[in-house]
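Chemist: Here is what each chain is made of, one letter per residue.
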Amino acid sequence: MAHNGSSPTTIVRLESVSKRYNGTAALASVSLQIREGERVAVLGPSGSGKTTLLHLVAGIERPSEGHVQLAGQPLSSMSAGPRLAELVGMMHQQLDLVPHLSVKHNVQAGRLGRWSLWKSLLSLVSLRESEMVERALERVGIPEKLHERTSHLSGGEQQRVAMARLLAQQSRVVLADEPVASLDPARAEDLMDLLVSIVTESGKTLIASVHSTHLTRKYFSRAVGLREGTLEFDLPVEQLTDEALKRLYDIAPSLP
Amino acid sequence: MRPSSASTTSPQASRNPRGDFFRGRGFLTLLLVAALLWSLTSLSWGSSPVHPGGLGSIGQFFQAAIRPDLSAEFLGLVVGSAWKTVAYAVAGICLAVGLGLPLGILASGVLARSPRVKVPGIAGFRFLLGAMRAVHELIWAWFFVAAVGLSPAAAIFALAIPYAGILGRIYADILNDVPDEPLRALRASGASEIKVLLYGRLPMALPDMLSYTFYRFECAIRSAAIMGFVGVGGLGMQIQLSLADLYFDEVWTLLYALVALVLLVDLWSSWVRRYLTS
Ligand SMILES: Nc1ncnc2c1ncn2[C@@H]1O[C@H](COP(=O)(O)OP(=O)(O)O)[C@@H](O)[C@H]1O
Ligand SMILES: [Mg+2]
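First to last, the sequence lines map onto chains A and B. At position 90 of the first sequence the residue is numbered 81 (this note's numbering), and the sequence of numbers has no breaks. In short: position in the second sequence from 1, add 119, done, that's this note's numbering.
If you are wondering where the hints come from, they were derived from the structure by calculation, not from laboratory data. Hints may contain errors.
[Stated by the list, open to error] Which chain A residues face chain B? A few, computed with CB under 8 Å, are given here:
1) A49
2) A62
3) G72
4) P73
5) A100
6) L108
7) K110
8) V116
9) S117
[As the list claims (entries may be wrong)] Pairwise CB distance ranges, derived in the manner of DEER restraints:
10) B:G217 / A:L137: 30 to 40 Å
11) B:R232 / A:H58: 31 to 41 Å
12) B:L159 / A:L115: 49 to 59 Å
13) A:E122 / B:A266: 55 to 65 Å
14) A:L115 / B:R232: 19 to 29 Å
For every residue, glycine included, the Cβ atom is placed at its ideal position computed from N, Cα and C.
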């Protein structure tokens, strides 16, 4: 796939982005352009920089070098708030809900960027935009959990809450860091079905780190391979060969 | 021979070897042991740790332990004083929470994003909390009694200030130690730091904060009793009066009441804490 120049539909753009933690490079000079509506799988062994890449796009981390653009605007010019919330939302493998709050509060959290401080405060006492919250939980298949304490839910149910929060947020780009890694295969596919249908029915862009090549081929349109922080390949999934995957995950790379 | 590695690790990553000892546990242990030895040698012990003339009174005092004053009249006084002590402790701890919570939030630095605001803010509020708890409640009590006279307000303020210093400092630590992942997710949905505090930090910190507050409430009961020694009433004042008259049987009744009170609060607070953390 040729990436030359930014087309008007480019929603995420990374220009030679590097990220270092205490001098150690987690990501080294990665350039990438993602168009609206694409479903991109980020592949790579553990420690290869997948989470770092997603965090840079989410604005959770700032690049050490290079630039990140969202919808044509530099991310560095946006601070947390409604503008960023409309562009990107993110879910993680686990631990990113507030376990002590009830499910409804964790769903409402998706709206915090748009709500005033006063409304946010009131929402802790009584449900705001209850119809939206109920609809989101309905969509992810756990409407009966509205008032339940989040920590009482199973791992799969918590992932559904995280998806309901993304539905409440309504961002144009959805980032998911190993969204189904801790689940058994059948459940993982159920949840991927749900995530992908939520994303595609509203024309959103999905960027997700995934471990399974089966899931990559089934749900994604494009595969990006990372190894030790550098881009190994960037292919449409149809062109993703077992050869390329083997090289990506190989522990001892064959030297040329 | 090491094989040449294909890693992208930059050369700066190699550790600074000098820093390790000073940052490590070895150094800290050495420092603490040295401090302990120094503190033991710098106390003036005199010829004997116990004053020989005091042994007689100590004997009398302990003999009274088995025959405390249980007359109805005196028990009424004990209950009244115990009630007063509890009231001081409750009022003091409530005021301490009211002061300590906002100060703790400010001292945790969680509301500031820019380090130019954050660093001096944390330092300033931590210093304030430190100063509040550096002075013992008894000293605060003398100070307030001098300022406003023997009134309940003096006892309550005297309790509340050092306790707010302790609570605020612990609240700040608890707020800082909350797991980061949920907070990151809240920020990713556009929440400002104050919304992150309301929606993430406080709900996650609340069980620990409450549990610690209850633990401090036990301590406040003891402190409130001590408050009595400066004359504002309660168990401490009665203990002091009975001691002055050498009525050891009364002293023991009062001590037993204090022990019972502390045990009661301990039972109640450990029940509440178990409930909170389950
Ligand atoms: N906050 C951090 N501090 C220090 N090093 C980090 C941090 N986050 C990631 N790293 C390092 O960056 C590299 C890439 O990490 P990550 O993006 O989490 O990889 P992946 O998600 O592919 O497993 C790893 O070597 C990791 O140790
Ligand atoms: Mg990761």
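Chemist: How about S117 (chain A): closest beta carbon in chain B under 8 Å, or not?
Modeler: 15 Å, violated
Chemist: Can G72 (chain A) be said to touch chain B, with a Cβ gap under 8 Å?
Modeler: Because about 5 Å separates G72 (chain A) from the closest Cβ in chain B, which is inside the 8 Å limit, the hint holds.
Chemist: Can the hint on P73 (chain A) be confirmed by a CB-to-CB distance to chain B that is less than 8 Å?
Modeler: P73 (chain A) check passes; min Cβ-Cβ to chain B is 6 Å, inside 8 Å.
Chemist: Min Cβ distance, K110 (chain A) to chain B: is it shorter than 8 Å?
Modeler: The hint is violated - K110 (chain A) has no Cβ within 8 Å of chain B, the shortest such distance being about 10 Å.
Chemist: Does 30 to 40 Å hold as the CB distance between G217 (chain B) and L137 (chain A), or does it fail?
Modeler: 33 Å, holds
Chemist: Could you check the hint for me, namely that R232 (chain B) and H58 (chain A) are 31 to 41 Å apart, CB to CB?
Modeler: 21 Å, violated
Chemist: With respect to the beta-carbon atoms only, verify the hint that L115 (chain A) and R232 (chain B) lie 19 to 29 Å apart.
Modeler: Once the Cβ atoms are compared, 22 Å apart, the range 19 to 29 Å for R232 (chain B) and L115 (chain A) holds.
Chemist: Hint check: is the beta carbon of A100 (chain A) less than 8 Å from a beta carbon of chain B?
Modeler: Interface hint status for A100 (chain A): holds (6 Å vs cutoff 8 Å).
Chemist: Any CB of chain B closer than 8 Å to the CB of V116 (chain A)?
Modeler: Violated, about 11 Å.
Chemist: Please check whether E122 (chain A) and A266 (chain B) have a Cβ separation lying inside 55 to 65 Å.
Modeler: 57 Å, holds
Chemist: Report holds or violated for the interface hint on A49 (chain A), using the least CB-CB distance to chain B and a cut-off of 8 Å.
Modeler: 5 Å, holds
Chemist: Can the suggested window of 49 to 59 Å be confirmed for the beta-carbon pair L159 (chain B) and L115 (chain A)?
Modeler: 52 Å, holds
Consistency note: the structure conflicts with the earlier hints numbered 2, 7, 8, 9, 11.
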